[in-house]
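Q: Line by line, the protein sequences give chains A, B and C.
Counting with UniProt numbering, you get residues 1 to 347 for the letters of the first sequence.
Counting with UniProt numbering, you get residues 1 to 262 for the letters of the second sequence.
Counting with UniProt numbering, you get residues 1 to 558 for the letters of the third sequence.
Misleading hints may appear alongside valid ones.
What the hints assert, rightly or not - Here are the simulated SDA-like pairs of lysine to any residue, each with C-alpha atoms no more than 20 Å apart in a straight line:
#1 K183/B - T71/B
#2 K139/C - P127/A
#3 K36/C - I118/A
These are calculated hints, taken from the structure and not from any lab test.
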Amino acid sequence: MGDHSHGSPDDSGTVAKAGTGTLDKFQDPGLPPHRKRLADTDPRAEKRAERQVALLFIISIIGTLSFFIAYFVLGRPDNLSDIRVQNAMLGLGTTFAMLGIGIGIVHWAKTLMPDHEISEMRHPIRPEADRLDAVEIIDQVIEETGIKRRPLIRNTLIGAIALAPIPAIFMFRDLDRTGKTAGEMVEQFRHTMWDKDVRLTRDPSGTPIKASDVQIGSVFHVIPEGLDEAENVLNEKAKAVVLLMRLDPKKMDISEGREDWHYEGIVAYSKICTHVGCPVALYEQQTHHLLCPCHQSTFDLTQECKVIFGPAGRALPQLPIKVDADGFLVAQSDFHEPVGPSYWERG
Amino acid sequence: MKALSQRRRHPLAAVALLLMGLLITGGLYMAAGSVNEAKAATGYSASDIEQGEKLFVANCATCHGLNAEGTADGPSLIGVGAAAVDFQVGTGRMPMQMQGPQAQAKPVQFDDDQISQLSAFVASLGAGPAIPSDDVLDTSQGNSAAGGTVFRVNCAMCHNAAAAGGALTRGKFAPALAGVSEKHIYEAMITGPQNMPVFNESNISPDEKRDVITFLKEIESQGSPGGAKLGSLGPVAEGLFIWTAGLGIIIGFTIWLTSRPS
Amino acid sequence: MSTTTEYTPKTTTGRIANFVDSRVGGSAMVKEFGRKIFPDHWSFMFGEVALYTFVLLLISGTFLTFFFDPTMTHVVYDGSYNPLKGIGMSAAYSSTLDISFDVRGGMFMRQVHHWSAILFVAAVSVHMLRVFFTGAFRKPRELNWVVGGVLLILAMAAGFTGYSLPDDLLSGNGLRIIDGVVKAIPVVGSYISLFLFGGEFPGTAVIGRLYALHIMIVPAIILLMVGIHLFMVVVHKHTQYPGPGRTNDNVVGFPVGPVYAAKAGGFFFIVFGIVAAISGLLTINPVWNYGPYDPSPVSAGTQPDWYIGFVDGALRLMPGMFGNFSFEWLIPFPWGTNTLSLNVLFPALVPAGIMFMIMFTWPWIESWITKDKREHHLLDRPRNAPFRTGMGVAGVISYCVMWAAASSDLIATHFLVSLNDVTYWLRVLFILGPILGFIVARRIALALQRKDREIVLHGRETGIIEMAPEGAFAERHEDLDAYKLHQLVNYEDRKVIPAQPNAAGHISRSEKNRGALSKFFFEDRVAPVTPSELAALKAEHGHGPAEVEGSSSDSIEK
């Protein structure tokens, strides 16, 4: 189709179009002639269609009956494979019951009901006159209230209406019923159950961990000792879960002030992603990468869990640990920064 | 100090250093191994070890070194234990076909005797996790509910809650666990193949490991009570199904419904 | 059937009509709707699929409420699913397991509910795509398009609140992601999170609250919106595709009674049947696999249901660090330092925000650019509106890239590629994809229009090869009949409307922009064939139907 990129000022691009005529259009030939269906002309076809529709309705009846069979004959299954069979039978029973009716009705409509397309004129949604009348009425109503002439009434009313819904918003203050002040509420994000000398224990058994248990290449999923007795276990667990791993101390890149946060290469990091809070639970023991399965943030354990890939914007917080007199791993203190996703007041 | 700095240039210094390094590595592995409470090479006859060595030299030494000391292409196998060999060779991961992000399961290259001989040889090099006894693999003694809890905390993040597998970084992945034998699951936990962490006996006790295996075998054998499970891949598979097959069937019906019969 | 009593109608139908009409005036309604005309086309059925799946949701959802316990009370499971026996969990999760395993047909109803839900949102989406690509949103239907957009958002809200209810590990981690996103909102984020969960995440309140939203508030608003939507459809009458006998002033189709009612009514049963088959044979959301929610575990392949996927994908695509530059900003204020987590906020709000904003305002954007304020009841074939088709495809591609990103890990494991590479490529595609999509889709639409022109001008290829006396081979072309021809020439020819001065003779800035957009969209166009053009061509060649291919490129000029 060649190049057509010359043009008059108003169509300077590639325009494929007719020469000059603007108002010259093909005439609408009108609806195509109606074509008769087989069932319109052949009584045998009509009879056949009728039987087909009835057959479909009978299939539906059989479907419903088989639903009952699945429901009552199979009873209450006590093993999973029977549940599967029952589920499939209930489903297929319903399928046949519904498709029988649906396909039957549509087949009936298509083959036996009149299939002449009908043309109907559209009307304007509202005649112009109606619209003018409506505007006039509204103007009159506004005029009779005198609201335009009485700004005092208008302004006080606007003030009252603007104020009235605000209590409805404040009503929701007690969605948080912990009774804390606003400051205390947000302050909770800063603290976890970890504290000086709290033992690191296995999740979920809660048994303490000896330093010698942790070999290079292994990972322990850790909760603080006494989590079970916490007032709200899941809330505390959501902040306090920790991953415990052991590295060759020589491979670790330790920043100033954190030199004694590990114990012979055993390090503990928050398991809660700094992105949006999923558990960063995947530990690759050869690459020393921690990967979050939700959004693929990757943290490098050898670089104090710095972000090396993905959407997280901040390293995982480290929990300073040491060994107590019995050889069990304990925390030196709480985390030095809030764990988990960032929030406005985090600072 | 002066004496040392002079001897540093002695022709045999490199050898001595290598030896020292090997001793330290071996020692570390011994320590690690003792944490595992693993038995050293016991129960293997001398001829097993001898046969194993022959197999090793013929099939493994290219990458792992003639004395399994490791090369640039493969890690040292001293102290990895019989369990590691039994897992890697028994699942076809070793010998590797080519270097890649990780060794993949393939058809097994050796028969059971040969695997056992190879295990015997590697076990003789240094103490490491041994092949588990039948007792800890007996799922009739396990508790699947307890195992499920352990599995979700320690395994599901990589292997998926329904053990359907998942992705790791840069082309590595955690495989699906259906069809893996009890023994190999246990061995994977105690040896930590590839990038999988090691779950030694003090992390997950042998009883807990048995529970995990019981759980895995139970969810594998119970089937899916709701119908076909679409690969247990969760909402992605479900969404994909509804957008392709689901809407496809519906469009088929709408076309039929609005077409004119002959 | 007939009776002889005085003042009573003669037939049963008549008696019922009399009863109803004399009390609520039903006759007017029957008169209005009984023979109302609806055009018939397969692509007009998606709205019905959405409506019917919503009805299925109400039916199956009502059943589920009788057995579901929307509380987070700690219970120990003692149902028939062995791998969870004796495990502590919330009452919500435990009752979901009971519905699945210990209520007869409960599994089936759960699956009907969930399959219907994801089909519902899919049907709403496809319906909106159909409306967009055919231009059915144009005047007078702009407001109904907006109502449809609101329905899409409500459908997503209904879906997400329902997805979270079983309190399983998968949905719990989904809620945790929501919590993380909410916390990233400046100033009020922390408080919204604390109020939503009744304290810190996860608390013991959120399931009950989501339940109230899921079973009452959101469905009530959806019902209201569906009512408004359908009311407007009736007011406007349905659009129709252009064709012989179909004009902007009429509507051609079947009357409601009986054909359209039978087809539409029958279609409800068909949709129900399809959903029942899927629900009987395919598992959806096997919550028993995931285990009870616990903040420590997580499963590989943690994804939301498909309709939230694009937001999750955007979260995955956004890099948190750019080299050593973190998108988490610390902003010093006189009262202390505040944190602005752009790496979360940006992907969570911006793509969805832009998408919905363009979607809601598109009818007005388009009529502003085209200066077209007329009523439109005839649809465009997508090829006949290349600019719109291009824009639509660009939007679809940017959505799909985000959508694909939400399953980057599954793409990696299933196509044996690196997870990181998938993310890198999708980042590139997110930028380039929509641009390429616009260009390619528009070019394809223009090419199809040219093909239509070609067919009109030179007739249909018959596949009959003829040999001329001098030995040349040519294919015989056959003229189109008047109906087919009308189909191919009867479309709107949109031209560039350059910026125009206003009454004061000044060209405003916005008018200049409009002119530029108009040029960008309509510079390249294919005009419909006119009768004079066709006549001229025929006169030139002097022969009728038999037209030789290849001799034609000069016939389209300018």
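Q: Now, for every hint given, state plainly whether the structure supports it.
A: Now for the hints, and whether the structure bears them out:
For the suggested pair K183/B and T71/B, the alpha carbons sit about 29 Å apart, so the restraint of at most 20 Å is broken. A hinted pair counts as satisfied when its Cα atoms are at most 20 Å apart, and K139/C with P127/A qualifies at roughly 16 Å. Restraint check for K36/C and I118/A: the C-alpha separation of about 10 Å stays at or below 20 Å, so the hint holds.
Consistency with the previously given hints fails for number 1 only.
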